[in-house]
Amino acid sequence: MPSSESNLADHSGGLLQSHKGYDPRVIFFYFVVAALLLILAGGLAYQQLFKTDTYNERERVQSQRRVLVPGPRGNIYARDGVTVLVGNRPRFSVVLYLDELKSEFLREARVIRRNYRASGLTDLPFPQMARVSVVQHYLDEVNKILDRTEKVDAKSLARHFGDQLLLPYTLIDDLTGQEYARLIESLPVRSPLQVYTSSTRSYPFGSAAAHALGYVRINDNVTADDFPGEDLATFKMAGSVGKDGLEKTFDDQLQGEAGGTIFRVDPSGYKINPPLEKRLPVQGKNLVSSLDIDLQLAAEQSIGDQIGAAVALDVSTGEVLTMVSKPDYDLAEFSPRVSAATYAGIQAKGGEFNRALSGLYPPGSTYKILTSIAGLRSGTIAPDEAIIDCQGVLQRFNRRLVCYNGIGIHHDVLLRQAIAESCDIYFYEVGWRTTPEVVAAEARRFHFDRRTGIELPGETRRMFVPDNAWKERTKGEKWFPGDTANMAIGQGFVLATPLQMACFTASVARGEVHTQPTLVHDPNRPTQHTESIGLTPAQRLALFEGMEACTLPPRGTARNMTTVELQKIPGVRIAGKTGTAQVNTKAGTLNIAWFICFAPVEKPEIAIAVALEGDTPGEEYGGGRNAAPVASAILKKYFEKKNRPATPIFQPFKPN
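The numbering of the sequence shown is our numbering, which starts it at 292 and goes up by one.
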C-alpha cells in the first residue's frame, strides 16, 4: 500500500502537469482583443493622418460666413453719351449691427431673467426679450435725434437675428437729406448704430421714355460666381434686377459685380474681426441708348394727356430717337419698390401698357402708301392715270361706299392728289385692281406679318397680314370685295403698331422694304440696306410728291404743318400721310388719329409715326388735326438741334 507521501506527490504532480497546458479559448480571446486594439489604433491613425483635411474643411464651413453686397447698376445714357436717363442715387438708412451687441444682449437677458424670477416667472423667452429691449434702446437714440416715435418690430427682429445676423438690421429706411445730415453729426463713429448707404435707381426725367427704359425690382438672390466661399453659409444684401424695358433686356450688362466678405464666427454666430477675405463691389457697365431726350420731351409734351404713341427713327440706321406711350408712369415710383396701391393705379389707367410696341390699331389711310406701292409695282396703276371718277359715293358689289376724307368730290383723281387729299374711292379701286393677294404680299414684303425684333420685352405676337386664306382659316368665311376695299384704306382686319408704321415709313424714305429698329446707339453704325422697294424713279417721285402735297395747301390733309405758325418748320420739306381709323369697343366706336412722315424730302433723315386714341366714343379724331402736331413738335426740335440752313420749300425732288 503506497504511503501518504507518495499519494501526495502523485496528486501534486498531477496538478502541476494540468497547469502547464494552454487553454485555446483564452488564446482566441487574446487575439480578438489584440485585433480590436489594432483596429482602434488604425482608425485613430486614419482619422488623424488621412482625414485631417476633411475635418478642417468641416470646421471651416461651420466657423466661417460669407456676406455678399451687390454692385451698383450701370447708367443708361441718351444718344449723346452724356445725358443720364437712368442713374443711381444714394439711399440712406439707419441700421444696427446686431453682431456687435452680443455682450449687451447677454447682460440685458440676465437683468430681465432676474427681475422676472422675483415674480415667479421662469419660462419666458428672455433672450428674445433682451434683444428687443436693447434694439429699442438704440432706436430711441435715433428717435430723439430725428424727433420720431418709431418702435421695434419684434417679429422682424427675430427673423433677422435668426437668418441674417451678419447683415445690418434696418431701423429706419430712406432718410431725407436733412435727417441724414443730422444723424451723421450726432451718431458716434464707432457706434453699432450707423447710417447705411445703398444704391437705388434714379430717373432725372421722371416718366420720360418710361416704357423704353423700364424699371427694376428688388433682387434677393445676389450672386458672385468668382468670389470664394460658395460652400459657406451666405448672407446677401438685397440688389435689383431689370423687369422691363432696356433694364430687363440688358440686365446682364447693367448688373454690377457683387462684392463680398468672409468672416470667422463664434459658436453663437457672431462675427470675429478682422475679415478673412474682402472684395469691393463694382458698378455695372453703362449703356448708351439711341434716345434723344430733347425729342422725347418735345413729343411727350405735345401728346400731353392724350392716349396714344409716337415713334421717331433715324432713317439710315433704324435707331429709335423717340418712343412715347401715353398714359405712362413715373419710373421713380418703382425705385426701389412700388407699393400695391400705386401699381394698381398705374394698371387702372393702362399706364404700364406700351402702345408704341404692342398697341395694335387699324392704320387707316396711312396704309394707302403701301396700297399705292403694291399698285405701282404690279402695274395696275400709273402715276398719271386717272383710274376712277370720284363722286364722293360709289355703288359697287351691292354696297354703298363713301369717300370719308371730308372734302367731297375729287372727280378724275391722280395718284399724287389721291395721296395728298386721301381719296378713299381711288384706293378702293386700286385695291380691287391690284387684288387682296398682291396687297397682302406687299405687306409681307414690308414685314407687317412679324415683330420688329427691337430690344424690348413684350412686343405683341399678334402680327399678321389678312387675306383670303387667313379669313377662311380663322373665321370660316370667304373674302368679299368689301374686305378688299377696307384693306386698301387700312381698315377692317388690318392692324399695325406705331413702331411697325415708323419702320415702314423709314423704309419708304430709304427706298427699301425693311428697317430694323434698335434702341442702342452706335456712332459708327452703318446705313441699313435691304431689298429695294422696286419702284421706278418716276413712280417714287409721284409717291413722294403726293406725300409732300399732303402737308401743303390748299387741300393737303396735313396742311396745318405748313400753314399754322406754331407747326411750321421753315426750310424743311416734309412728306407725310394722315389717317383716321375706327375701332369698335364695348363703349362705342373710337377714332384713331394717325400721321406718318419723313423729312427732309430730298434726303430723308428722320421718320415718324404717331397714333392717338380718341378718348370719347363717337368723337371726331383726325390725323391732320390731332396726330400731325405731335410729329411737327418732334421735327421742329430735331431740325432746331441740327441748325440746318434754310432751303426753298418748293425745291423739286430728284429721286436717286
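The set of hints was computed from the structure by calculation and includes no laboratory data. A couple of the hints might just be wrong.
To be verified - Label-pair restraints from in silico Cβ distances:
no., residue 1, residue 2, range
1, Lys-576, Arg-380, 10 to 20 angstroms
2, Tyr-634, Gln-427, 52 to 62 angstroms
3, Thr-751, Asp-813, 18 to 28 angstroms
4, Ala-732, Ala-632, 44 to 54 angstroms
5, Asp-557, Asp-444, 20 to 30 angstroms
6, Val-480, Gly-636, 52 to 62 angstroms
7, Asp-371, Ala-472, 25 to 35 angstroms
None of these values were measured; they are calculated from a predicted model. Beta carbons: idealized from backbone N, C-alpha and C, even for Gly.
(request) List in ascending order the numbers of the hints, as given earlier, that are violated by the structure. (result) 2 and 6
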